[in-house]
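Residue numbers (this note's numbering), protein chains in the order written: chain A, 2 to 768; chain B, 100 to 259; chain C, 1319 to 1760.
Everything labelled a hint here was simulated from the structure, so no lab data went into it.
Take the hints with a grain of salt, since some may be wrong.
[As the list claims (entries may be wrong)] Taking lysine-lysine pairs in the DSBU-like style, the calculated list, with each CA pair at most 35 angstroms apart, reads:
| hint | chain 1 | residue 1 | chain 2 | residue 2 |
| --- | --- | --- | --- | --- |
| 1 | A | Lys131 | B | Lys112 |
| 2 | C | Lys1461 | B | Lys115 |
| 3 | A | Lys137 | B | Lys172 |
| 4 | C | Lys1509 | B | Lys172 |
| 5 | B | Lys201 | A | Lys131 |
| 6 | C | Lys1683 | A | Lys131 |
| 7 | B | Lys208 | A | Lys137 |
| 8 | A | Lys61 | C | Lys1372 |
| 9 | B | Lys176 | A | Lys184 |
| 10 | B | Lys112 | A | Lys184 |
| 11 | A | Lys61 | C | Lys1619 |
| 12 | A | Lys61 | C | Lys1399 |
| 13 | C | Lys1683 | B | Lys201 |
| 14 | C | Lys1706 | A | Lys61 |
| 15 | C | Lys1461 | B | Lys257 |
| 16 | C | Lys1683 | A | Lys375 |
| 17 | B | Lys115 | C | Lys1509 |
| 18 | C | Lys1574 | B | Lys201 |
| 19 | C | Lys1706 | A | Lys28 |
| 20 | B | Lys194 | C | Lys1559 |
| 21 | B | Lys115 | B | Lys194 |
| 22 | C | Lys1559 | A | Lys58 |
| 23 | B | Lys194 | C | Lys1635 |
| 24 | C | Lys1474 | C | Lys1635 |
| 25 | C | Lys1509 | A | Lys375 |
| 26 | A | Lys519 | C | Lys1399 |
| 27 | C | Lys1683 | B | Lys194 |
| 28 | A | Lys184 | B | Lys194 |
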Amino acid sequence: MADLVKLTIDGKPVQAPPGTLVIDAAKTAGMEIPAFCYYEGLTLQAACRMCLVEVEKMPKLMTACTLPVAEGMVVRTETPEVAAARKYMLEFLLTNHPLDCPVCDKGGECELQDMTFRYGVGESRYTEEKVHTPEKQYSPVVFFDAPRCILCYRCVRICNEGLGVGALGVVYRGVGSEIAPNKGDHLECDECGACIDICPVGALTSGIYRYKTRPWEMTHVATICAHCADGCRTTLGTRNNQIIRGNNRDRSGVNGEFLCIKGRYAFDFYDHPERLQAPLMRVDGKLEEVSWARALEAVAQKFNGTLAAGGSFGVIGSNHTTNEENYYLQKFAREVLKTNNIDHHRTGDVAALLDALSGKEAALATAADLYQRKAILILGADLALEHPLLSFQARANYRHHQAHLYAVTPGPVREDKYSVVSIRVGGPAAKVGGDLGVIPGRDVGAVTTGPGAAPVGGPGVVPNPNAGAPSAPGPRWAPVTGPGIATGDPSGFCHPHNVEAGPGDYFAALEHLRERLKAEPELVIVFDDSFKGQDIKRLVEYADSLGIPVKYICLVDYSNSRGALDMALTPEFLPGYQPSGQPGMRVDEMLAAKLDVLWVVGANPCKAPGAGDRGPGFVVVQDMFLTETAKLADVVLPAACAYEKNGTVTNVTGEVQRLKCAVGAMGAKPDLEIMGFIAREMGVAAALGPWLPDLVLEEIRATVRGYDVPAPALAFGAAQTRPVNGRPSSETRPELVRSEHNGLFDSGTLGRYSRVLNSVLEKRLSR
Amino acid sequence: MTFSPQLEARFEKLLKSYPPGRQRSALVPMLLYAQDEVGSMTDELIDEVAQRVGVTPLQVNEVLSYYSMLHRKPMGKYHVQICTNISCLLNDGDKLWEHACKRLGIGNKEVTPDGQVSLEEVECMGACSWAPAIQVNYDFHHFITPEKLDQLLDSLTKKQ
Amino acid sequence: MLYNEPSPLETKVLSRRFGAPNSASIDTYLADQGYQAFRKAAGMKPEEIIEQVKISNLRGRGGAGFPTGMKWSFVPRTSPKPKYIVVNGDESEPGTCKDRVLIENDPHQLIEGVLIAGLAVDAHAGYVYIRGEYRYLIEVMEKAIGEAYAKGWLGKNIQGTGFDFDLYAHSGAGAYECGEESALLESLEGKRGIPRIRPPFPAVVGAFQCPTVLNNVETYCAVPAIIRDGGAAFAALGVPKAGGTKMTCLTGNINKPGVYELRLGFPVAQMIEEVGGGIPRGRRLKAMIPGGSSCPVLTAKECEGATMDYDSMSARKTMLGSGGVIVMDDQTCMVKALMRIIRFYAHESCGWCIPCREGTTWLRKILVRFHEGGGTRSDIDLIGDIGKNMLGRTFCPLGDAAAMPTISFVEKFREEFEDHLAGKPCPYEHADHGIEVLSLSR
Ligand SMILES: Cc1cc2nc3c(=O)[nH]c(=O)nc-3n(C[C@H](O)[C@H](O)[C@H](O)COP(=O)(O)O)c2cc1C
Ligand code: SF4
Ligand code: FES
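Take the sequences, apply the hints, and build the full model.
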């Protein structure tokens, strides 16, 4: 580590690494220098002038937000001149501020309010008229009140730099400067709301939260987002047993300040009017509300009766129930119901990756790795839409560390704007696997004998800036080879001029990519379901042949897809990927077979039209809504949603995090409790053990390979599961792996019941 | 969007004037030249220029709204710009401005009903030693008096 | 073309070809010493060129007066990045109109200056940024550049020296702030004209993130003479600490307004009385702004004994600035003058930083109200105070440019502000109609 620079701030000796800004050095030393425009991780602005400090030997006050520390520097942050500068800066700011704090959503959390209280003048000398402009609605979630805006440009920067969307800009100049949305009068963007949370004042407000309550009237519960597999921490503000807002105010968890529209706003499925609030039972062919006692009794009787008669069971689990629920469910199936017919909808072939990594140490990447590693190869997925956090991490890595990004995808992706190489593969996502898979075999010469003659790749899209563009949706200058690192800009578009010329032949382009990758010091490979089974094996061989350290992320879809695999909601394995050695049916087989009992927990396998033929057997469904599958059931047990229960989930990168109950469920119960009650009703509870989440977790930590995570890590943040590479190989059934490729505005069943997701314009614009 | 061959040639020359990857540099001059031909910054023009230099329409908007010579609304065929800044003011530039407003019956950045003449009160335009000065489109006119302004306006409206 | 009669008191170095037939053409230029300095410089080492510029005591003519030779020496000549020469022809400071005549009359002198700067820092491309209003100068410049290419004074292997240089004219589109060097670079890159955070300065990170020499038009125009006749000869034209001549724009209430080339150190009184032919209508001098509207104003008394150079002006707590001299006669309403100046800065503030954006607008509102007769006594102090609260605390010097006149007007002409308290109309207003009712100091 480089030597620390020594300086003094307000007479206190301070040490900081070279390059540290004075504002950060002061903060580390426990001294606060006020600032509006400075925001860690975003570009410097030096616009608000709140951070002016006195520095010895400098003729003028200096902005601490742009001044790097220097040896022997003497900084003073509390001199009369500095105090005056702050005071008058606030006076300037308030000249055109409406001072409508009593009705402003930001009241109580407003940085301008706090600063005025601490540093401001008592009374304004401003007597001129203020400019009034009406508030504008940019989208269902974003409202803008221009007079309150202090032009710190945080919103513009988070949108441009952080999200790579560039939906907000600044128009006009001088006192007329105004934040403007990309579509003139409205926004078309990710609708993530980051601009709202980052706004220090109440200029940008949330359509979901505005005028509902005051920050101090809410209880704040930090839990994990129920939607995609990235596992962002979201803090739910609740009042009167209602969720009023979501954000990540303390920047904890794997996501720091990041949240997408789902994490921030799409909690609203929880109080959808169609939420099931009482158990349903089929009476005379129709589902009718019954008491919990009656429903549980009916289920237990049926289960016991079937067991006694030696009947057949099938169990379908979920990729958004908790680890504890999944663990308990498979134990229930295997030990009580004596069946290995247990499965769930698999969205990524994690097992095949673990197999292929046999004998390798620590080869799975975490969300943090995407921010730290020097190079990232994205295969197949449109990361920005399907895994917003991972995309955010990679982008931040590019901005802060000039990481090299590579993207081989079927369609244009956000990363093209700053990737070193982007290659468009023709056809469906699965082709990515095939095309790249050919490379390790070094058969390339044989397959590139003529354009389009490739047996594996088929006629690939030629990687030049204009190829594929006319037919592709989106701007006609969509690049196919990335601009390289020099001019890449996370916001804006790429112009063909800015795009580095790549080889004109498709396979030559893949070769070119391989050469570039070989020159990298290290790599993280992120791949989606276009790689499964043998393709993954070949991918790992390909990566091995690069001769550099490689880590992997196998993308999966829902909030606990990874946990469903780890907890063995599959016939092939026992928890921790131990081969089960038993035959067992998969989802499709269970649906097709005439099983005596089908028990579906939190899944909707009969969603597809036509899958709706109810077998003769007895169907039990636990769900939040009357899904297509629930409609076929004999008994429907209303389940609590993720925000109504405790437990843990494991995200796409294998990090275990805690769900914390934010609100009580009305009539519904957590799936774990439902299963426990069924067990009790059946008289088998003792065999399964207590159904308290913490106790089940203890059992998981003690018995499931990879889950012996330290308890304190789990208490405060994310605990990385240990990789469980290497074991006797077993068949993984890659053909069952199918990702939904949910974009930003879809999220399976939950997404269907989220009013926010359905309200935004982009939902209709997206595929 | 199609432009005249002259403008196309200008664009081509501009785009070649900057280092590789820096085509955005052409943005400000391109907008100004395009405005001369199209009349104002139309949505269509913004989209077209955005594509040509490789930025988003929002980015074009951010830029064009910054520069005072770029207008979203069309100005008159003769855009009369009167400087009232300090050196002109000291030579009665403000009186000239008032005179022009009265005579044309329009105010700042307004156009006569026939679309012929528009007025703008501008900041110093680098004609301080020949004050008061005005610009009609890009042509400078120096040492202007109300009488000279009348003559000039007469000749413009006659020229059609 | 010339807009004013030359004065016999001028020292014609940069303007020597002004008024010659076809003065802008390359033939005229070549016939009168044109491009000889480039040839000479091509035979010199880069350090020698910079040394001569240092010896010449040339200080930047754009307003800040930074020593040019020193600025050039900051360019990391051995950096692997390309280097650029950028010419600041944005000329927007009220009272200034000299770059315009320099380009219009003698564009090749500018090109030659740029080429020499290119030799000095190993740059091979340059941009002349010209304000959008000067459209005709873009054409003049492009024509001259075309001629220079045609005759081998631009392009590859210029005149067999092995030196390559490409030059382009680039138009602004109406923004004073784009005269500020880093805002100019942003504008040149197709962005809003918002200044950059400095350091790094353009010499190290300038155009396209590469080392860049950025100077005013007049600064480059002085370079051929410096190389041709030697730095010492140029230095001798001026005063000890600042060499050469200054293109001086006489504007405002003056009989013979115009752009005159005067040696640095020229007496202010002589400049007004003899070069400028005195003040019209027999009036007397009330005040003068020496270098564009951003400089603190001088009273008639303060002008006594002053000379047009950096030191004399800084001794009077003002600046030589850009050479835009604004002369105000005894019937000028100083409140109105300040109001108009502040209207300008409020209009031109880029809006980036709080004190400039809000301060200029607040000042504008107060001053407009005040001049219209709606002022109060406490406003007078407030005006000065707002200026002081902006001074030195803004993101770029535009805030100072608004603060300095504000503070000096209120300080030096406080009684005029007090006179306005008596009510409407402005007590000085009728004087503008040329009716000599008031004769203040006579
Ligand atoms: C607000 C502002 C406006 C400026 N306008 C101009 C201008 O129009 N022309 C100019 O040459 N310099 C202008 N300058 C000065 C430039 O920033 C810069 O100092 C100058 O171009 C450097 O060239 P020089 O060293 O040759 O003077 C301005 C500075 C500021 C702060
Ligand atoms: S909207 Fe808010 S965050 Fe954005 S610039 Fe304005 S005050 Fe800052
Ligand atoms: S935080 Fe330094 S200027 Fe805003």
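Query raised in the report: Straight-line Cα separation of Lys1509 (chain C) and Lys375 (chain A) no greater than 35 angstroms?
Result: holds, 30 angstroms
Query raised in the report: Is the straight-line distance between the alpha-carbon of Lys1559 (chain C) and that of Lys58 (chain A) 35 angstroms or less?
Result: holds, 24 angstroms
Query - Lys208 (chain B) paired with Lys137 (chain A) [C-alpha distance capped at 35 angstroms] - result: Roughly 26 angstroms between the alpha carbons, so the hint for Lys208 (chain B) and Lys137 (chain A) holds.
Query raised in the report: Is the Cα-Cα distance between Lys1683 (chain C) and Lys375 (chain A) 35 angstroms or less?
Result: violated, 54 angstroms
Requested in this report: Decide if the proposed pair is consistent with the structure: Lys1706 (chain C) and Lys28 (chain A), CA atoms, cutoff 35 angstroms inclusive.
Outcome: At roughly 29 angstroms apart (the allowed maximum being 35 angstroms), Lys28 (chain A) and Lys1706 (chain C) satisfy the hint.
Query raised in the report: CA of Lys1574 (chain C) to CA of Lys201 (chain B), is that 35 angstroms or under?
Result: The hint holds at about 30 angstroms.
**Report entry** Agreement of Lys201 (chain B) and Lys131 (chain A) with the hint, judged by alpha carbon distance not exceeding 35 angstroms
**Finding:** Given that 35 angstroms is the threshold and the Cα spacing comes to 30 angstroms, the pair holds.
Query - Hint consistency between Lys176 (chain B) and Lys184 (chain A) [alpha-carbon to alpha-carbon, up to 35 angstroms] - result: holds, 30 angstroms
Query raised in the report: Would the pair Lys61 (chain A) and Lys1372 (chain C) pass a check requiring their Cα atoms to be no farther apart than 35 angstroms?
Result: holds, 27 angstroms
Query raised in the report: Hey, Lys184 (chain A) versus Lys194 (chain B), does the alpha-carbon distance stay inside 35 angstroms?
Result: violated, 42 angstroms
Query - Lys112 (chain B) paired with Lys184 (chain A) [C-alpha distance capped at 35 angstroms] - result: Answer holds: Lys112 (chain B) to Lys184 (chain A) is near 31 angstroms, not above 35 angstroms.
**Report entry** Pairwise hint evaluation, Lys1399 (chain C) against Lys61 (chain A), where the allowed Cα distance is 35 angstroms at most
**Finding:** The given pair, whose Cα atoms are some 32 angstroms apart, holds under the 35 angstroms limit.
Going down the numbered hints, you'll see the structure goes against 1, 16, 20, 21, 24 and 28, while the others check out.
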